[in-house]
Amino acid sequence: MADTGEGKKEETDYKRLHSFPLIRHTDMPEEMRVEAMELCVTACEKYATNNESAAKMIKEMMDKKFGSSWHVVIGEGFGFEITHEVKNLLYMFFGGSLAVCVWKCS
Amino acid sequence: ELKEEFTRILTANNPHAPQNIVRYSFKKGAYKPVGYVDQMAVHFSMNGNMIPKDSDEGRRQSIRSGSSAGRHNDFQIEKASVESSAVTSEEAEIKDEESTGDTKAAEEKETEEPGTTEAAETAEVEEPPPPKVKEQKLANQFNFIERASRTLNNPMRERACQSEPTPCKDFSDTVYQWKIYDAYMEELKEMEKSKEKEKPKAQVSKRQEEKKEKKKKKGRKLTSLEIQVSDDMNKISRAAKLMERMVNQNTFDDIAQDFKYFEDVSDEYRNQQGTLLPLWKFKYGKTKRLAVTAISWNPKYKDLFAAGYGSYDFMKQGEGMLVLYTMKNPSFPEYVFSSESGVMCLDFHNDHPNLMAVGFYDGTVAVYNLKKATSQPSYKSGAKTGKHTEPVWQVKWQKDDMDNNLNFFSVSSDGRIVSWTLVKNELVHTDVIKLSAKGTTMQGPEGLQLQTFGCGTSFDFHKKIDWLFLVGTEEGKIYKCSKCYSSQFLDVFEAHQMAVDSVSWNPYHLKVFISCSSDWTVKIWDHTIKTPMFVYDLKCAVGDVAWSPYSSTVFAAVTIDCKAHVFDLNINKYESLCNQLVVVRKKNKATHIQFNPVYPVVIVGDEHGHVTSLKLSPNLRKMPK
Chain A
1 MADTGEGKKE ETDYKRLHSF PLIRHTDMPE EMRVEAMELC VTACEKYATN
51 NESAAKMIKE MMDKKFGSSW HVVIGEGFGF EITHEVKNLL YMFFGGSLAV
101 CVWKCS
Chain B
1 ELKEEFTRIL TANNPHAPQN IVRYSFKKGA YKPVGYVDQM AVHFSMNGNM
51 IPKDSDEGRR QSIRSGSSAG RHNDFQIEKA SVESSAVTSE EAEIKDEEST
101 GDTKAAEEKE TEEPGTTEAA ETAEVEEPPP PKVKEQKLAN QFNFIERASR
151 TLNNPMRERA CQSEPTPCKD FSDTVYQWKI YDAYMEELKE MEKSKEKEKP
201 KAQVSKRQEE KKEKKKKKGR KLTSLEIQVS DDMNKISRAA KLMERMVNQN
251 TFDDIAQDFK YFEDVSDEYR NQQGTLLPLW KFKYGKTKRL AVTAISWNPK
301 YKDLFAAGYG SYDFMKQGEG MLVLYTMKNP SFPEYVFSSE SGVMCLDFHN
351 DHPNLMAVGF YDGTVAVYNL KKATSQPSYK SGAKTGKHTE PVWQVKWQKD
401 DMDNNLNFFS VSSDGRIVSW TLVKNELVHT DVIKLSAKGT TMQGPEGLQL
451 QTFGCGTSFD FHKKIDWLFL VGTEEGKIYK CSKCYSSQFL DVFEAHQMAV
501 DSVSWNPYHL KVFISCSSDW TVKIWDHTIK TPMFVYDLKC AVGDVAWSPY
551 SSTVFAAVTI DCKAHVFDLN INKYESLCNQ LVVVRKKNKA THIQFNPVYP
601 VVIVGDEHGH VTSLKLSPNL RKMPK
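Residue numbers (full-length UniProt numbering), protein chains in the order written: chain A, 1 to 106; chain B, 1 to 625.
Among the hints, a few may not be true.
[As the list claims (entries may be wrong)] Stretch by stretch, here's where chain B covers chain A in the computed footprint (C-beta under 8 Å, at least three residues):
{"no.": "1", "region": "39-52"}
{"no.": "2", "region": "80-90"}
{"no.": "3", "region": "93-106"}
[What the hints assert, rightly or not] Here are the simulated distance ranges between beta carbons:
{"no.": "4", "chain 1": "B", "residue 1": "T389", "chain 2": "A", "residue 2": "P29", "range": "19 to 29 Å"}
{"no.": "5", "chain 1": "B", "residue 1": "F26", "chain 2": "A", "residue 2": "D63", "range": "45 to 55 Å"}
{"no.": "6", "chain 1": "A", "residue 1": "D27", "chain 2": "B", "residue 2": "H352", "range": "43 to 53 Å"}
{"no.": "7", "chain 1": "B", "residue 1": "E187", "chain 2": "A", "residue 2": "E81", "range": "17 to 27 Å"}
No lab work stands behind these hints: they were computed from the structure. C-beta: ideal position from N, C-alpha, C; glycine also.
This is chain A alone, in the form it adopts within the complex (with noise of 0.2 Å):
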């Protein structure tokens, strides 16, 4: 019990730790991608229970700020194949257990 217990602290430690937004892959200009990273984390912390809320936002404030078509996948395990425009793919980490991957293609 002591040992799940423990466990269990640490899982919570581990993410709160690793909080910060790792970037994993993306082609994007320097402004954008850092416009980009904080708004998947704004979103993410928003709506922490909801992904596709945050998925959401996210497409939305992109398609307004960056052009239409932008698509957003949030999850904790998935696998993808996807056609981008280049320049225009932010793949990225978040909050331990979150990996949200962001691309534009009309």
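Add chain B to chain A, keeping to what the hints say.
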């Protein structure tokens, strides 16, 4: 209930027409209702056979009908038939026109006409063709004449254009929890590493910024340019360096062979005398006007040596340079540092062979770090930080002090021997000794006793006894001092008549040291005895003297007349074994000489900025038994 009145409204709306038709709009991306719905309801439709009279078909038919009617009447009376046929045709036509709206009449007429045409056709065969004058259009209110015209429309042309599709790339990946975890773990490790590196770097970068602010703009621009250039060249620098060395080796092949293998066989016949075989000559274009003021070998890389450039002439002081050559590349130096004032002396640190202490003509001392890419010194003393007021003649590294800080000593004409410690980012100075010239206390105003200071020109620390060192002065005295006593000397030697140019302890004999001076003499002393053990008169001012690292009895001296003298006390106590012109140019003076710690090579610096390397012949290299 029966009396209830029902109102019935008669509207023109079609009850069967739907009221809520919706159409999909692609523009909006949604369904939108259609406002107006067609209310027309068709009850009966039938395709009729009526053709307008003026159309092609109508005219053809009327011709046919007119001609057949005429032929039919010709049977009986020709003329009358013509007229009557004309009349009948007219009548027919009139009737035709009158009854256009009447379907029945039209039908009759039509039935009539086909009948007549058939009869006409049969009659045609027998009778001649009827006259064709009957076509007369009667103008009445029902006869319309149509006129139309049309402007010339430009022909239509199709043009199409398509923009290039935005470039797209594919990307795929899978998200697993363990991938996320691993990525975060790695990132944390990197962050910790970078934090550790940051701590010392932050200080170094801060200090560098301060130094840069103090420097002139020129210096700053140079460093930034250097960094840019080095970025591009970095990729091939190593290859280029090797190539350069190989090319040099090929060019100077014979010298390299001599250096390695040549042993002067004629030494056997020379009766103990030896020779110096000239090897490479090192020169660098920018040091043409400068004299070699100091040379020193690197303790770690036995082929690397540093030469300091400056000027001994009081009137002609300019900038200085610090150049490092390697014997592997005689045509171009490895490192070049330039400075604002002439370099007077330099010393490599024994344990940190990348650190060099340098003393300048303007009294500043600096420490250069060869590992850093900048051409500026890592540390430099300034007027505020206790620099000397006179040229610094010699610097020497000491063992690390108790706090493990690097420190070195410097001696200068202002009579101070100062110890400099590299504390974090700065050079901290401590006056060790002030050389007071004894017997020259003067009576200043108001009865003060002024001490005039002697001018130190060279010093050397004992190899084993750490605190013991010797200082040679411009007055020709040599003081034996200790680091512990700051005002008193342990001993004074009345050594020379003129300034002592160099003092040096014997590396093997712990009590013996050698000194040379501009009064043409080289003297060997035992530090316990006041008078010299040996005195050599070289008939010309001696610039420098050095002990050899391989033998306790061999030393070399170089004189102003470009000659090098090598002595071996074991063999000949009174005369030099070799007395040779080493620097050929006219108006040149040899300034310094140094033995290579490993190879049997000496390097001699001269006033024209050249460094000549020479190999010692076997007779000069005899090791004592």
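Query raised in the report: When you take the CB atoms of E187 (chain B) and E81 (chain A), is the distance between them in 17 to 27 Å?
Result: holds (26 Å)
Query raised in the report: That 43 to 53 Å hint for D27 (chain A) and H352 (chain B) (C-beta), does it hold up?
Result: For H352 (chain B) against D27 (chain A), whose Cβ atoms are near 45 Å apart, the range 43 to 53 Å holds.
Requested in this report: Between the region 80-90 of chain A and chain B, see if three or more residues pass the 8 Å beta-carbon test, and mark the coverage as holds or violated.
Outcome: Per the Cβ count (8), the hint holds.
Query raised in the report: With a cut-off of 8 Å between beta carbons, are at least three residues of the region 39-52 of chain A near chain B?
Result: violated (count 0)
Query raised in the report: Do at least three Cβ atoms from the region 93-106 of chain A come closer than 8 Å to Cβ atoms of chain B?
Result: holds (count 9)
Query raised in the report: Would you say the C-beta atoms of T389 (chain B) and P29 (chain A) sit inside 19 to 29 Å of each other?
Result: violated (58 Å)
**Report entry** C-beta pair F26 (chain B), D63 (chain A): status relative to the range 45 to 55 Å that was hinted
**Finding:** About 19 Å separates the Cβ atoms of F26 (chain B) and D63 (chain A), which means 45 to 55 Å is violated.
This entry does not satisfy hints 1, 4 and 5, going by the numbered hints stated previously.
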